[in-house]
Amino acid sequence: MSQVLDTPSPAPAVPYDEHADHDDPAALAARYGLTVSGARPTLPAYVRQLWARRHFITAFATAKLTAQYSQAKLGQVWQVATPLLNAAVYYFIFGVLMGTSRGVPDYVPFLVTGVFVWTFTQSSIMAGTRAISGSLGLVRALHFPRAALPVSYALQQLQQLLFSMAALVVILLCFGVPVGVSWLLAVPTLALQFVFNAGVAMIVARLGARTPDIAQLMPFLLRTWMYVSGVMWSIDRVLSGHPDMPRVVLLALQCNPAAVYIDLMRFALIDSFRAGQLPHHVWALAVGWALLAGVGGFIYFWKAEETYGRG
Amino acid sequence: MAEQSTVAEQSAVADQSAVTDGAARRIPTVVADRVDIVYRVNGTGVGRGSATAALNRILRGRKAEQAAGVRKVHAVRSVSFTAYRGEAIGLIGTNGSGKSTLLKAVAGLLPVEHGRIYTDGQPSLLGVNAALMNDLTGERNVYLGGLAMGMSREQVRERYQEIVDFSGINEKGDFITLPMRTYSSGMAARLRFSIAAAKDHDVLMIDEALATGDRSFQKRSEARIRELRKSAGTVFLVSHNNKSIRDTCDRVLWLERGELRLDGPTEEVLKEYEKFTGGGGKG
Numbered sequence: 553m554s555q556v557l558d559t560p561s562p563a564p565a566v567p568y569d570e571h572a573d574h575d576d577p578a579a580l581a582a583r584y585g586l587t588v589s590g591a592r593p594t595l596p597a598y599v600r601q602l603w604a605r606r607h608f609i610t611a612f613a614t615a616k617l618t619a620q621y622s623q624a625k626l627g628q629v630w631q632v633a634t635p636l637l638n639a640a641v642y643y644f645i646f647g648v649l650m651g652t653s654r655g656v657p658d659y660v661p662f663l664v665t666g667v668f669v670w671t672f673t674q675s676s677i678m679a680g681t682r683a684i685s686g687s688l689g690l691v692r693a694l695h696f697p698r699a700a701l702p703v704s705y706a707l708q709q710l711q712q713l714l715f716s717m718a719a720l721v722v723i724l725l726c727f728g729v730p731v732g733v734s735w736l737l738a739v740p741t742l743a744l745q746f747v748f749n750a751g752v753a754m755i756v757a758r759l760g761a762r763t764p765d766i767a768q769l770m771p772f773l774l775r776t777w778m779y780v781s782g783v784m785w786s787i788d789r790v791l792s793g794h795p796d797m798p799r800v801v802l803l804a805l806q807c808n809p810a811a812v813y814i815d816l817m818r819f820a821l822i823d824s825f826r827a828g829q830l831p832h833h834v835w836a837l838a839v840g841w842a843l844l845a846g847v848g849g850f851i852y853f854w855k856a857e858e859t860y861g862r863g
Numbered sequence: 263m264a265e266q267s268t269v270a271e272q273s274a275v276a277d278q279s280a281v282t283d284g285a286a287r288r289i290p291t292v293v294a295d296r297v298d299i300v301y302r303v304n305g306t307g308v309g310r311g312s313a314t315a316a317l318n319r320i321l322r323g324r325k326a327e328q329a330a331g332v333r334k335v336h337a338v339r340s341v342s343f344t345a346y347r348g349e350a351i352g353l354i355g356t357n358g359s360g361k362s363t364l365l366k367a368v369a370g371l372l373p374v375e376h377g378r379i380y381t382d383g384q385p386s387l388l389g390v391n392a393a394l395m396n397d398l399t400g401e402r403n404v405y406l407g408g409l410a411m412g413m414s415r416e417q418v419r420e421r422y423q424e425i426v427d428f429s430g431i432n433e434k435g436d437f438i439t440l441p442m443r444t445y446s447s448g449m450a451a452r453l454r455f456s457i458a459a460a461k462d463h464d465v466l467m468i469d470e471a472l473a474t475g476d477r478s479f480q481k482r483s484e485a486r487i488r489e490l491r492k493s494a495g496t497v498f499l500v501s502h503n504n505k506s507i508r509d510t511c512d513r514v515l516w517l518e519r520g521e522l523r524l525d526g527p528t529e530e531v532l533k534e535y536e537k538f539t540g541g542g543g544k545g
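The listed protein sequences derive, respectively, from chains W and L.
Be aware that the first sequence starts at 553, since it is given in the working numbering, and climbs by one per residue.
Be aware that the second sequence starts at 263, since it is given in the working numbering, and climbs by one per residue.
Some hints could be false.
Subject to a maximum C-alpha distance of 20 Å in a straight line, what follows is the list of computed EDC-like cross-link-like pairs (lysine to aspartate or glutamate) [as the list claims (entries may be wrong)]:
1. K625/W to E489/L
2. K461/L to E489/L
3. K492/L to E518/L
4. K334/L to E518/L
5. K616/W to E401/L
6. K461/L to E401/L
7. K492/L to E424/L
8. K855/W to E375/L
9. K434/L to D476/L
10. K461/L to E518/L
11. K616/W to D397/L
By construction, these hints were calculated from the structure, which means they are not laboratory data.
Please model the complete structure; the sequences and the hints are all you need to start from.
Set out below in structure tokens:
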């Protein structure tokens, strides 16, 4: 059967309710207190909406995490096995083959801590780029503050990291790193890093929603970022080998947020990693980056709230 | 032309009497004011230099869109209507005429290109499919879907048993604790509808949701939709089933190629529509 239809005759639509209100629709809407559909809420209202959806955010993150390995025979064991295998690969390449470990005490704990903490930031940002563009079905079907998505993805990575931290504790104990009070510093470090990651995830979520190509570019940017963040090597040690390094480079390397969080975590967990190896004002840097990315990212994301889901 | 003006007169008359009978002033819940909706589709450029064209597009923004193979699909053109509290409105039109798009814009899920849509509260689409995950159990999906629709954990807990019973998933054994990917398509559709229908809405929009599951479930869901209609202020129903439109709606909007062709009482619009599709089919 052919579905070729006649072009509709130019007869205009017949308004059913023309007699009811002769004034224009905007005035009618205003009189009955109707609001513009799909308009961006004010910033405080947006924060309230997001807070009201906190249970959805956590449930969505946990659901994603559980669904990830639900088809595998070993199931949730992979939550711990995957980061361990990652660490093993990095150890083989950087510790054994390239010998980056020379001069770094407790190299394995040093490396594994770096890899896990870095992976948290890396995968939060990767998930963030696809947070909107990869969930268009959800965005186009249900109404909720869209910031719930990047935050939820960052939270999923935080949960993933907690599994990795459990593996990390085992590794630390195996390599004879003593348990110390300083381990408690891991908690504020993780909290700050989470805020930073969620903020960056919101920024890239907005970019990725408008230009999905960002997702193709991001792995290269992230890999570059990883190599300058001292994940496999000690920034401190390399710098002391090059006293002629320009001050700007030194400062940039030390203020790099990823390096700040990684070094803080190493300082918290590994006793041979001394405070002297940390950059100056390290906590101020950690808080500053978290606030800058968290608040800035949130506002940047909110500014385009009404456009997500188009096209 | 002549016929349509007759329709207009009739509807105006019918409307007038409704107002005088009803005495109470009608309260608008959705006002659409010359709404245009345009989709932009990337990557439709063919042949010559689509990579450089894409680069050009990124660098120069909107201006280069036409040249660079971004196609605009004008899905809804200048549609205006006002919906009132207590109305059940059907949306009809051939495939691709912009019905679902219009509903999504009313729900605030799709931005409009021109015009405005004013609503009372937050209209919601009936459907949670996109929030559910096949790898999770039915039970966890009930929670996830409920939370995604904006219910609190307590509300979901209260309604949980009701949702499971309504879906009838557990009639043939304890299936609710199995992952949803193990369900038959009918069972999954029933669970999805049950979750979606668990929440009360001010303005409810239903997109062909009536035709899920077997006969007995269809009857149950029709009854549930009537219930929802009573508690909801205004109901929109998109369907290709003229019978379910007749059963549920008292007013119909007919969209064709994104334009509003007719707006009036169900019988009159459906008569015109059936003439139109019937004639088109033969030709």
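Checked against the structure, which of the hints given earlier come out wrong? Numbers 1, 3, 10, in rising order.
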